[in-house]
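Enquirer: Here's the letter readout for the chains.
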Amino acid sequence: MVRYTIKRLILAVVTTFIILSLTFILMRLLPFQKPIGTNDAQYSYYMTQVHQGFVVDFAVENKSYGELLWKYIDSMGGRHYFYQTPVMTQYFSWLKNIFTKWEWGTSTYVMQNVSALTIIAKRIPTSMYLNILSVIWSVPLGIFLGIVAALNKNKPVDHIISTSVMVFISVPGFVLITFLIWIFGYKLGWLPTQWAKSTDGDLAKFLSYIIPVFVLSFGSICGYCRFTRAELCEVMESEYLLLARTKGLTKRQSILRHALRNAMVPIVPAILAEFIGILGGSMILENLYGINGIGDLFITALNAKDYNVLFVDMALFTTISLVAGVILDLSYGFIDPRIRMGARK
Amino acid sequence: MEIFDPNKNYGLNSTSFQLVRKENEGKIHDAKFETKPTTFAKDAFKRFCKNKSSVVGAVIIAFLLLCSFIAPIVSPYDVSNGSTYIVQKLLPPKAFKSGTGFWDGVMKYDHIVYDQDKECPADFTSHAVKDITVGEEEYTNTASKYAKGGYIELHYGTDSVTKTGNGFLYNYKDFKITATDSYVAKVVFGDVETLDDAKQTRYRTLIQYEESFETKYLEVSPWSSSYGEQSFDLSSTLSANSLTSLDKCKFRIELEDRTDGDFFLLVQSINISSSNTDVAEELASISFTDANQNALIVKNDNGTFPSNYWQSNIERYLYHASIKYCNFTYDAYDAVFGDNERIIGETLMLEYVSQGLCDYDFSIGPSSFVSKSDKCPVVSVLAQEFDAATGVNQLRTITTYYKYIGLKESPKYLLGTDKNGHDLVTKSLSSLRTSLLVATIASAVCLAIGLVWGAVAGYFGGTVDIVMERFTDILSGVPWIVMMTLIILLLGNNIITFAIALCMTDWIGPAGTTRTQFYRFKGREYVLASRTLGASDWRLIFQHIMPNGLGTIVTSCVLMIPSCIFAEASISYLGLGLQGVNSFGVILSENQVYLKTMPALVIFPSIIISLLMISFNLFGNGLRDALNPSLKGGE
Numbered sequence: 010m011v012r013y014t015i016k017r018l019i020l021a022v023v024t025t026f027i028i029l030s031l032t033f034i035l036m037r038l039l040p041f042q043k044p045i046g047t048n049d050a051q052y053s054y055y056m057t058q059v060h061q062g063f064v065v066d067f068a069v070e071n072k073s074y075g076e077l078l079w080k081y082i083d084s085m086g087g088r089h090y091f092y093q094t095p096v097m098t099q100y101f102s103w104l105k106n107i108f109t110k111w112e113w114g115t116s117t118y119v120m121q122n123v124s125a126l127t128i129i130a131k132r133i134p135t136s137m138y139l140n141i142l143s144v145i146w147s148v149p150l151g152i153f154l155g156i157v158a159a160l161n162k163n164k165p166v167d168h169i170i171s172t173s174v175m176v177f178i179s180v181p182g183f184v185l186i187t188f189l190i191w192i193f194g195y196k197l198g199w200l201p202t203q204w205a206k207s208t209d210g211d212l213a214k215f216l217s218y219i220i221p222v223f224v225l226s227f228g229s230i231c232g233y234c235r236f237t238r239a240e241l242c243e244v245m246e247s248e249y250l251l252l253a254r255t256k257g258l259t260k261r262q263s264i265l266r267h268a269l270r271n272a273m274v275p276i277v278p279a280i281l282a283e284f285i286g287i288l289g290g291s292m293i294l295e296n297l298y299g300i301n302g303i304g305d306l307f308i309t310a311l312n313a314k315d316y317n318v319l320f321v322d323m324a325l326f327t328t329i330s331l332v333a334g335v336i337l338d339l340s341y342g343f344i345d346p347r348i349r350m351g352a353r354k
Numbered sequence: 055m056e057i058f059d060p061n062k063n064y065g066l067n068s069t070s071f072q073l074v075r076k077e078n079e080g081k082i083h084d085a086k087f088e089t090k091p092t093t094f095a096k097d098a099f100k101r102f103c104k105n106k107s108s109v110v111g112a113v114i115i116a117f118l119l120l121c122s123f124i125a126p127i128v129s130p131y132d133v134s135n136g137s138t139y140i141v142q143k144l145l146p147p148k149a150f151k152s153g154t155g156f157w158d159g160v161m162k163y164d165h166i167v168y169d170q171d172k173e174c175p176a177d178f179t180s181h182a183v184k185d186i187t188v189g190e191e192e193y194t195n196t197a198s199k200y201a202k203g204g205y206i207e208l209h210y211g212t213d214s215v216t217k218t219g220n221g222f223l224y225n226y227k228d229f230k231i232t233a234t235d236s237y238v239a240k241v242v243f244g245d246v247e248t249l250d251d252a253k254q255t256r257y258r259t260l261i262q263y264e265e266s267f268e269t270k271y272l273e274v275s276p277w278s279s280s281y282g283e284q285s286f287d288l289s290s291t292l293s294a295n296s297l298t299s300l301d302k303c304k305f306r307i308e309l310e311d312r313t314d315g316d317f318f319l320l321v322q323s324i325n326i327s328s329s330n331t332d333v334a335e336e337l338a339s340i341s342f343t344d345a346n347q348n349a350l351i352v353k354n355d356n357g358t359f360p361s362n363y364w365q366s367n368i369e370r371y372l373y374h375a376s377i378k379y380c381n382f383t384y385d386a387y388d389a390v391f392g393d394n395e396r397i398i399g400e401t402l403m404l405e406y407v408s409q410g411l412c413d414y415d416f417s418i419g420p421s422s423f424v425s426k427s428d429k430c431p432v433v434s435v436l437a438q439e440f441d442a443a444t445g446v447n448q449l450r451t452i453t454t455y456y457k458y459i460g461l462k463e464s465p466k467y468l469l470g471t472d473k474n475g476h477d478l479v480t481k482s483l484s485s486l487r488t489s490l491l492v493a494t495i496a497s498a499v500c501l502a503i504g505l506v507w508g509a510v511a512g513y514f515g516g517t518v519d520i521v522m523e524r525f526t527d528i529l530s531g532v533p534w535i536v537m538m539t540l541i542i543l544l545l546g547n548n549i550i551t552f553a554i555a556l557c558m559t560d561w562i563g564p565a566g567t568t569r570t571q572f573y574r575f576k577g578r579e580y581v582l583a584s585r586t587l588g589a590s591d592w593r594l595i596f597q598h599i600m601p602n603g604l605g606t607i608v609t610s611c612v613l614m615i616p617s618c619i620f621a622e623a624s625i626s627y628l629g630l631g632l633q634g635v636n637s638f639g640v641i642l643s644e645n646q647v648y649l650k651t652m653p654a655l656v657i658f659p660s661i662i663i664s665l666l667m668i669s670f671n672l673f674g675n676g677l678r679d680a681l682n683p684s685l686k687g688g689e
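Going down the list, the sequences are from chains X and V.
For the first sequence, this note's numbering begins at 10 and goes up steadily by one.
For the second sequence, this note's numbering begins at 55 and goes up steadily by one.
Please keep in mind that the hints were generated in silico from the structure rather than gathered at the bench.
Fair warning: there could be bad hints in the mix.
[Unchecked claim] In silico DSBU-like links for lysine-lysine, alpha-carbon gap of 30 Å or less:
1) V:K151 to V:K466
2) V:K151 to V:K106
3) V:K100 to X:K162
4) V:K227 to V:K353
5) V:K426 to X:K162
6) V:K650 to X:K196
7) X:K164 to V:K106
8) X:K164 to V:K104
9) X:K206 to V:K253
10) V:K172 to V:K230
11) X:K164 to V:K100
12) V:K230 to V:K184
13) X:K105 to X:K260
14) V:K302 to V:K227
15) X:K196 to V:K96
16) V:K104 to V:K86
17) V:K96 to V:K462
18) V:K151 to V:K184
19) V:K457 to V:K172
20) X:K110 to X:K314
21) V:K429 to V:K466
22) X:K196 to V:K466
23) X:K206 to X:K196
24) V:K106 to X:K162
25) X:K162 to V:K104
26) V:K104 to V:K90
27) X:K314 to V:K473
28) X:K196 to V:K86
29) X:K196 to V:K162
30) V:K227 to X:K196
31) X:K206 to V:K104
32) V:K429 to X:K196
33) V:K90 to V:K106
34) X:K196 to V:K143
35) V:K143 to X:K214
Go ahead and model the full structure; you've got the sequences and the hints to work with.
Expert: Laid out in structure tokens, this is it:
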């Protein structure tokens, strides 16, 4: 088990490294995005790029480097011709910057010349609050509904819960948010139709949390409910539960001590993975509701072709999903030794 | 209890036993089934039909499929791309005749800006407006084409970046002042003590002029705090400073800089006049009487300011301009397809005449027009104009638009039209067809790849699995947006590119499901038993393990079809967009902006995709149960 764990962790690190490298190289193959703004701002951007090793600066024209990015005569009268360095050279400069200086590049558009890491760090809290709020109440509620449905299997309560779970799990998130905004925002006017601005009052801020948290939690409530119901139903029909009843345990005791514990085996890893996921943000939700989280940042950076910010944002999403995957796989083994992910045939 | 003793004779020998069958009675055969044998597919179908909700799901899917294939053929409305129908964009839903009061394309509007000159709601066609009630005059602080009067608020905030000394306002275009004629500037100031924590400030007036490249000032009136209508005699200021005339003058109002917070000054109008009638026109072009109109002034196209522009170093807002709002009902169909003014050419009119629709004589003119048929698009002729350049007559007419474009009656769009003027129902269903087709092909490809990949990875496990899993990890880890962008750059922005991009990564899902199923079943006793009996890997994979996992695998693949549509919508939302492609995801995301004004445009496609997802889920669940061999024959 320990060996497997170490192997998985090392592999996760290697995978992350390969993915990020590949993404970096692919993104550098896209057309170079020139910065906007005044000459001074552009000059300082190009000089940063030169410093980071992605762009070279010549005093004369140099055709061997391909397309000229920008030419500029500085205040001292010095001539600058900026060219992109070859992709692999950029890749090694990038590695050097990260390993020696933890430097991930600067933004061209979102906040010009500001480090991409700083921009991400500014955006994370909003997405994180939303996710924490939604996880806090959706996990217990989902599991509770699942238990209720499983214990009343094939009774009206179960039918109602199962049908609504089926409906809500099927409806895409953007449809849900559209309907919520339309009904509660425009028709009834109870909730704001956009995310509150920093200048708005506390009440407006609080109200603007309701729709996003609701939308975020719907998916996980339904997921946990369905998962719990399926697992619990299976356990309820097993022989050992029958044994527990026959040896004289009450229904309550047998469910709490035997059935639930075993049913929780696959659910707990999913919850752990969910907590890793709170760092991420939902792109479409944040975009539609105007939330300044990292999901929205992704779209803004993508549309403005601000590749450095986009790259760090992607790196964050990739790392989150890989770490969550590792934890999911490992925790299966810890919780239920019968399951050996990765075992030979 | 007696214990068996092998040495004891119990009276049993070979003759005590009798063979059940003797050799000469022939070989032993299984008895033939009394009932007809059933195949796996038949049994699965039988069990599927017992699941009512799945059948309902399947029926809905079939219905939507049928609609998406038939609707574009049956529908009378053309939904091909282009701007032909742009004139009928964003019409409300209409199913019944106008005036029915329900679903008739007539919409109620509340609190719409009223155009007082045209006497109809601003930006609406007047003949389609009914039951209009115009409200009392209200005040607005936003400059608007349809507002009147108001004050210009010169606002000097403490946090103003440009705060350098006194605030000022002067005319952009210079004028000439002579001491001999009388020049008077009449200014009407507003008198409000405080405005949003800002305080009214004192002002003074000056004449600003240029002398040898230096700006100089003559004080007309000292710091004052008397507001309302004020007159300033400019010519007497000149004579007081013993000047006879100044060539390039500006009239300048200065605001006193106060350190105790924000301050402001309200100016309603500035009117500069002279006793010299020659310059009256020039002075009038500098003056302004309507603050709202002055606030609307923007730079000319060439970057210069118009003559009635007034320059200031501080923020300018509009304050208290009067505006009217109105409530009314509006028949958007009448506005587009009803009787509108239209210029038609001579050839067209002659055509109508030759068809016997109407009579018209070009030598007599408009009065000769007689309509002879209901089908005649022209209702009346207003004027006849001869275009010398082309040598033909042009007629200004009132024309019924739907007849003009050759329709028998005004169209009824069940759920209205989108921003390109296309019928929403037809457009949605025909794009659903495209989307479903692409999604089905993509899912089939992904299923084929994923099934083999997952089976190999799951069955062999160990190093093979680790290597294959790493590959999928890496592939799914590279953000699909980057891949999509690269593929779009390489192959162009179209639906096939999208399908290829989907196939690149979407097989990872089915592969994962298949792999998990293989891990679940490969350790089972029946597989072990089969292996001990010498079954090959191939046989174990496809005969023993795959059928058990097939239910789950098929379910996950069935759900791929709606998720492809979902992915397409997501791409459009992200702005990567399959622009100009007739696909469902594009419709969903494009119409999102009309949620407030035309909810039907968003709600209808949303309902369809939700219905599709729900039905596919129900259908998939039923399929999973039906294909599960362990439930075979069970009730």
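Enquirer: For every hint, state whether the structure bears it out.
Expert: Okay, the hints, checked on the actual structure:
no.	hint	verdict
1	V:K151 to V:K466	8 Å, holds
2	V:K151 to V:K106	40 Å, violated
3	V:K100 to X:K162	24 Å, holds
4	V:K227 to V:K353	14 Å, holds
5	V:K426 to X:K162	75 Å, violated
6	V:K650 to X:K196	9 Å, holds
7	X:K164 to V:K106	16 Å, holds
8	X:K164 to V:K104	18 Å, holds
9	X:K206 to V:K253	28 Å, holds
10	V:K172 to V:K230	38 Å, violated
11	X:K164 to V:K100	24 Å, holds
12	V:K230 to V:K184	53 Å, violated
13	X:K105 to X:K260	63 Å, violated
14	V:K302 to V:K227	9 Å, holds
15	X:K196 to V:K96	50 Å, violated
16	V:K104 to V:K86	29 Å, holds
17	V:K96 to V:K462	53 Å, violated
18	V:K151 to V:K184	16 Å, holds
19	V:K457 to V:K172	27 Å, holds
20	X:K110 to X:K314	25 Å, holds
21	V:K429 to V:K466	19 Å, holds
22	X:K196 to V:K466	26 Å, holds
23	X:K206 to X:K196	22 Å, holds
24	V:K106 to X:K162	17 Å, holds
25	X:K162 to V:K104	18 Å, holds
26	V:K104 to V:K90	20 Å, holds
27	X:K314 to V:K473	28 Å, holds
28	X:K196 to V:K86	70 Å, violated
29	X:K196 to V:K162	15 Å, holds
30	V:K227 to X:K196	51 Å, violated
31	X:K206 to V:K104	54 Å, violated
32	V:K429 to X:K196	43 Å, violated
33	V:K90 to V:K106	26 Å, holds
34	X:K196 to V:K143	24 Å, holds
35	V:K143 to X:K214	37 Å, violated
Consistency with the previously given hints fails for numbers 2, 5, 10, 12, 13, 15, 17, 28, 30, 31, 32, 35, ordered from lowest to highest.
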